[in-house]
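Colleague: Below are the chains, spelled out letter by letter.
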Amino acid sequence: MPHATNSDQLHGTLDMLVLKILEAGPLHGYAIAVRLERMSKDVLSVEEGSLYPALYRMERRGWLGSAWSVTDTGRRARFYKLTKGGRAQLDAERASWLRLTTAVADVLNG
Amino acid sequence: MGAIRIALARLRALFRRDATTDEIREELNFHVEMRTDEYARDGLEPRAARQAALRRFGNLAVIQDRGYDVRGGGVMEDVLQDVKYSVRQMAHQPSFALLAGLTLALGIGVSTALFSVIDAALLRPLPYPHPEELVTIDVEETSGGKPSRYVPSMSDIRTWRGLTAILSHVGAGRVSGFVPLIVETGNPQRLVVGEASEDFLETYGLSPVLGRGFHLDDMSPGAPAVVLLGHAFWQTEFGGDRNVLGREVRLQDRPATIVGVLPAGFYQKTAVWQPRQLSAAMADRRATGTPVVARLRPGVTIAQAQAALDAVTTSSALSGPKPGPTRVLIDSMYDDETRDFGTTIRSLSMAVGLILLIACVNVAGLMLARGATRDVELAIRAAIGAGRGRLVRQLLTESLLLALAGALVGVLIAYASLDSLVALIPLSLPPNSPVEINATVLAFSLGLTVATALLFGLVPSLKLSRAPRMISSMLTVAGRGGAPLSKRAGQWLIGLEVALALVLMTGAGLVLRSFAKLVSLDLGFDTENVLTLEVEPLEQVASVRRQYYASLTDAVRQIPEVTAAGAIDHSALTGGSSFGFVKADTGVQVGGPQRTVLPGYFEAMAVRPLSGRLFNDADRRSGDVVIANAAASQQYFDGSAVGHTVQIGMKNARVARIVGVVPNILHGGPQGRVRSELYVLPDPNDAQATWLRLAMVMRLREGASLTTDRLKQIAESLGPRVLVGRVTPASSFVSEQVSRPKHRMLLLTLLAMFGLLLTLVGIFSMTAYAVARRTREIGVRVAFGARPGQVVRVMILDAVWPVVLGLGTGLVGTYYATRVIASFLFRTTPHDSMTLVAVVAVLGAAASVAAWLPARRAASVDPVAALRAD
Numbered sequence: 001m002p003h004a005t006n007s008d009q010l011h012g013t014l015d016m017l018v019l020k021i022l023e024a025g026p027l028h029g030y031a032i033a034v035r036l037e038r039m040s041k042d043v044l045s046v047e048e049g050s051l052y053p054a055l056y057r058m059e060r061r062g063w064l065g066s067a068w069s070v071t072d073t074g075r076r077a078r079f080y081k082l083t084k085g086g087r088a089q090l091d092a093e094r095a096s097w098l099r100l101t102t103a104v105a106d107v108l109n110g
Numbered sequence: 111m112g113a114i115r116i117a118l119a120r121l122r123a124l125f126r127r128d129a130t131t132d133e134i135r136e137e138l139n140f141h142v143e144m145r146t147d148e149y150a151r152d153g154l155e156p157r158a159a160r161q162a163a164l165r166r167f168g169n170l171a172v173i174q175d176r177g178y179d180v181r182g183g184g185v186m187e188d189v190l191q192d193v194k195y196s197v198r199q200m201a202h203q204p205s206f207a208l209l210a211g212l213t214l215a216l217g218i219g220v221s222t223a224l225f226s227v228i229d230a231a232l233l234r235p236l237p238y239p240h241p242e243e244l245v246t247i248d249v250e251e252t253s254g255g256k257p258s259r260y261v262p263s264m265s266d267i268r269t270w271r272g273l274t275a276i277l278s279h280v281g282a283g284r285v286s287g288f289v290p291l292i293v294e295t296g297n298p299q300r301l302v303v304g305e306a307s308e309d310f311l312e313t314y315g316l317s318p319v320l321g322r323g324f325h326l327d328d329m330s331p332g333a334p335a336v337v338l339l340g341h342a343f344w345q346t347e348f349g350g351d352r353n354v355l356g357r358e359v360r361l362q363d364r365p366a367t368i369v370g371v372l373p374a375g376f377y378q379k380t381a382v383w384q385p386r387q388l389s390a391a392m393a394d395r396r397a398t399g400t401p402v403v404a405r406l407r408p409g410v411t412i413a414q415a416q417a418a419l420d421a422v423t424t425s426s427a428l429s430g431p432k433p434g435p436t437r438v439l440i441d442s443m444y445d446d447e448t449r450d451f452g453t454t455i456r457s458l459s460m461a462v463g464l465i466l467l468i469a470c471v472n473v474a475g476l477m478l479a480r481g482a483t484r485d486v487e488l489a490i491r492a493a494i495g496a497g498r499g500r501l502v503r504q505l506l507t508e509s510l511l512l513a514l515a516g517a518l519v520g521v522l523i524a525y526a527s528l529d530s531l532v533a534l535i536p537l538s539l540p541p542n543s544p545v546e547i548n549a550t551v552l553a554f555s556l557g558l559t560v561a562t563a564l565l566f567g568l569v570p571s572l573k574l575s576r577a578p579r580m581i582s583s584m585l586t587v588a589g590r591g592g593a594p595l596s597k598r599a600g601q602w603l604i605g606l607e608v609a610l611a612l613v614l615m616t617g618a619g620l621v622l623r624s625f626a627k628l629v630s631l632d633l634g635f636d637t638e639n640v641l642t643l644e645v646e647p648l649e650q651v652a653s654v655r656r657q658y659y660a661s662l663t664d665a666v667r668q669i670p671e672v673t674a675a676g677a678i679d680h681s682a683l684t685g686g687s688s689f690g691f692v693k694a695d696t697g698v699q700v701g702g703p704q705r706t707v708l709p710g711y712f713e714a715m716a717v718r719p720l721s722g723r724l725f726n727d728a729d730r731r732s733g734d735v736v737i738a739n740a741a742a743s744q745q746y747f748d749g750s751a752v753g754h755t756v757q758i759g760m761k762n763a764r765v766a767r768i769v770g771v772v773p774n775i776l777h778g779g780p781q782g783r784v785r786s787e788l789y790v791l792p793d794p795n796d797a798q799a800t801w802l803r804l805a806m807v808m809r810l811r812e813g814a815s816l817t818t819d820r821l822k823q824i825a826e827s828l829g830p831r832v833l834v835g836r837v838t839p840a841s842s843f844v845s846e847q848v849s850r851p852k853h854r855m856l857l858l859t860l861l862a863m864f865g866l867l868l869t870l871v872g873i874f875s876m877t878a879y880a881v882a883r884r885t886r887e888i889g890v891r892v893a894f895g896a897r898p899g900q901v902v903r904v905m906i907l908d909a910v911w912p913v914v915l916g917l918g919t920g921l922v923g924t925y926y927a928t929r930v931i932a933s934f935l936f937r938t939t940p941h942d943s944m945t946l947v948a949v950v951a952v953l954g955a956a957a958s959v960a961a962w963l964p965a966r967r968a969a970s971v972d973p974v975a976a977l978r979a980d
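Those protein sequence lines, which keep their order, are chains Z and P.
First residue of the first sequence? That's 1 in my numbering, and the numbers climb one at a time after it.
First residue of the second sequence? That's 111 in my numbering, and the numbers climb one at a time after it.
Simulated from the structure, these hints should not be mistaken for lab results.
Please note that the accuracy of each hint is not assured.
[Unchecked claim] Think about it this way: if two alpha-carbon atoms lie no more than 20 Å apart in a straight line, the pair counts; the simulated SDA-like pairs of lysine to any residue are:
(1) Z:Lys20 <-> Z:Lys84
(2) Z:Lys81 <-> P:Gln704
(3) P:Lys432 <-> P:Asp420
(4) P:Lys379 <-> P:Leu316
(5) Z:Lys84 <-> Z:Arg38
(6) Z:Lys81 <-> P:Glu136
(7) Z:Lys81 <-> P:Glu133
(8) Z:Lys84 <-> Z:Glu37
(9) P:Lys627 <-> P:Asp420
(10) P:Lys693 <-> P:Ser681
(11) P:Lys627 <-> P:Lys432
(12) Z:Lys81 <-> P:Lys627
[Said to hold, decoys possible] Rough simulated footprint, nothing fancy, chain P against chain Z, three-plus residues with beta-carbon under 8 Å:
(13) 29-38
(14) 73-83
[Stated by the list, open to error] Computed from the model, here is a short list of chain Z residues facing chain P with C-beta under 10 Å:
(15) Glu47
(16) Tyr56
(17) Gly65
All C-beta atoms in this analysis are idealised placements derived from N, C-alpha and C, irrespective of residue type, glycine included.
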């Protein structure tokens, strides 16, 4: 079933990737999807569309903000940007990732 | 699967047309168009490009729907939809909705009404402003090292009144409890008359509705005779006439002027109040039997008041020549009032608490049972795109709807049952302050039951959330009953419920058994077909009274319907008696009640002599014969009283011969004690016996009846002016004695039956739940050759074990809980084994049947159908 992609771990990964992508500046959904694709083949491998419920969820949590704007080609699109909360979340994720990798490295090297 | 999912999602999308939907659609379309453009740039045909983009994107409708769930655009719309869906769900399973709703309603209704009554009895026992300030005051004097408690004197009161920082008011008052006085306002009646000092009414915080209260001037012995009217008496006797002030009533044949009318509800049964006029010597005397009430200044504690009053209070003549310490004792009136029915309140609260708990357990069980049958439905809904939040909301809506419907009916039940409960509960509730449904109590029982419903209604969603992965597996696993957690939960609930029900039923069983013993007790007389007539001449002359009663007896015997007639002390009717000692020829003092009777009394009450004879009419002339009861004969004469003589009377002692012994008669009803009693005749030579007041007792022929008017006419036709009181069947005096235990028994039995019913419903539904969950397992067992009987046995065992454990736990609880009602019990110990055995048997059997009925269904499971069910 496609919902298997919704497991917590993938959720978390997707969230972190989106936050990371938006750290550089506001983007619309399609642009996020394109960058995601470039970073990881897995996250949206099955249904690109599942990005959107994830975006809404993150917006609801206060990590993202959104507004309608116009693209370079003059089309109307909804743009997402990182909020303060989103930035904090990204930092927290980074810190915990660092802790984990350090711990793993310690185990492997020790 | 996929086709259905998409179809349903499209359907849902169809019904969602608002700004949020449009926004989401536009955003998703933008994405698909961008992707299409990209594919087109890669060289695909526009049509193929769009196809590829859509495939890549996933299902538009589903994603739009999921997105909508997250954005939560139309909350109101969702709620409305949830409600519609819930109503439809309940209509599908009306038995569940009805059971759960009724359980909730009854649980809330009964407990709220009962707790409200209890609360009213506990918190508002005194219908006066600031009842917590009201106290009673006694003085304790020590004589010969022994402290005794006395009522303070009027002089004490007047001294204490100087302590204005401690007491705001203090007064004394009492009602003529034992002997009502004759009040004449046209026709004479015996009525309860009160006697009050100045400041008595003010202490209670009340003022007359008409005229004035008593002043200090009214209290001196020579002052003009004045009276205050009780509100009820003013209404019935004067029709509430506002011009009643200045009119006259006769009190014990002396005139007195009406100066005021008291407010309603104050000593309701007291018709008239007179001032407490005391001579100077009497005013100094303590131990007069007139209690002292006072009102503390706000904030003054009892200890402070006691210390302050101690300082100004000295010993009196009561202490004797060598007085010990004298102390002032102050009690809160509120505490005194509530102490009396504390046991009733405690046991009722416990019973109601148990009912409420059982109702909660039941609701929990029903919600679990219902949730179990919905795993598949919820999994499907999750699969077609309903977010978890959405499902939780749906479950919440269903539980809430059910809880609210139940609560609404419950509140209606509470209001409807309040009055009958007040009538049934043996509590002395304050007059003039009607019991109302208590908002706090209502909130509490509502909160408890509704919270239970919501909590357990959400259980299915917990399973969903454990891992979204389970959703898919649940679709195939559902019905196999692989969740041991919920099986055990059901068993826990059954056990808990049985334990609670056992405690409740044992309490009721004990009270029931005690009541059965109470009413089946042989009182020593037969009250069937016996009438009593209260009557007395107004003239306070001994010979007139004696003669009147003798002629009345003769006149009553002339009535064809009457087979036997006599008379007895008026006080015997209410369980009272005059107590005394007489000297026997053996030298011993014979103590105990002495009852004055007229010949014919024993015949009328169907009492036969154990030895010797009964009185005959010839004895009336001499009055020198006595009859003893069996207890007196045993205690003082070694069982052979007949032939002995006793000296009766103090001033004009006369020697009387014991001519007979009768069985012990419990005039005071079954709860009275057997005492040594002597039956005497009125002394024909005693001119002091102006108090003689008898009640006629007559036995009627089987099936015959006599009207009050006819008896009244006979009583009034004999010459002297008389006061005719009530005509009452003798049996009613006995039933009055047992009315409290009877109400208690009825109420507790009702509650216990109610608790049992709830418990059975619970066990039934929880077993049904277990069976429903395990349909597939049963199917497998049957397919592998298990006989239906074995399957049923497994299902029943699963339900019976918790019942047995519950019974065991309940027995332990019972051991402690029944102590509360020990003081109610008549010749029954709180650990009465017969009651316990009976209750365990009834509850065990009923619980087993409740488990067996749904378990039987397991036997009829068709293995093929069960296995193919998915």
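Colleague: P:Lys693 and P:Ser681: Cα distance at most 20 Å?
Modeller: At roughly 24 Å apart (the allowed maximum being 20 Å), P:Ser681 and P:Lys693 break the hint.
Colleague: Are there three or more residues in the stretch 29-38 of chain Z whose C-beta lies closer than 8 Å to some C-beta of chain P?
Modeller: holds (count 3)
Colleague: Can the restraint linking P:Lys379 and P:Leu316 be considered satisfied, given a maximum Cα separation of 20 Å?
Modeller: holds (17 Å)
Colleague: Are Z:Lys81 and P:Lys627 close enough, with their CA atoms no more than 20 Å apart?
Modeller: Roughly 84 Å separates the two Cα atoms, so the pair is violated.
Colleague: Double-check Z:Glu47 for me: the hint is only fine if its C-beta lies closer than 10 Å to a C-beta in chain P.
Modeller: Hint on Z:Glu47: holds, closest Cβ of chain P at ~3 Å, below 10 Å.
Colleague: At a threshold of 10 Å, is the proposed contact between Z:Tyr56 and chain P supported by beta-carbon distances?
Modeller: holds (4 Å)
Colleague: Given the hinted pair Z:Lys84 and Z:Glu37, is their alpha-carbon gap at most 20 Å?
Modeller: violated (25 Å)
Colleague: Starting from P:Lys627, check that the Cα of P:Asp420 is at most 20 Å away, please.
Modeller: It is violated: about 49 Å lies between the C-alpha atoms, which goes past 20 Å.
Colleague: May I ask you to test the interface hint for Z:Gly65 with respect to chain P, counting a Cβ-Cβ separation under 10 Å as satisfied?
Modeller: violated (14 Å)
Colleague: Within the stretch 73-83 of chain Z, is the number of residues with a Cβ closer than 8 Å to a Cβ of chain P three or more?
Modeller: holds (count 4)
Colleague: Are the Cα atoms of P:Lys432 and P:Asp420 separated by 20 Å or less?
Modeller: holds (19 Å)
Colleague: Decide if the proposed pair is consistent with the structure: Z:Lys81 and P:Glu133, CA atoms, cutoff 20 Å inclusive.
Modeller: Since the Cα atoms of Z:Lys81 and P:Glu133 sit roughly 18 Å apart, the hinted pair holds (cutoff 20 Å).
Hint check: violations occur at hints 2, 5, 8, 9, 10, 11, 12, 17; the rest are consistent with the structure.
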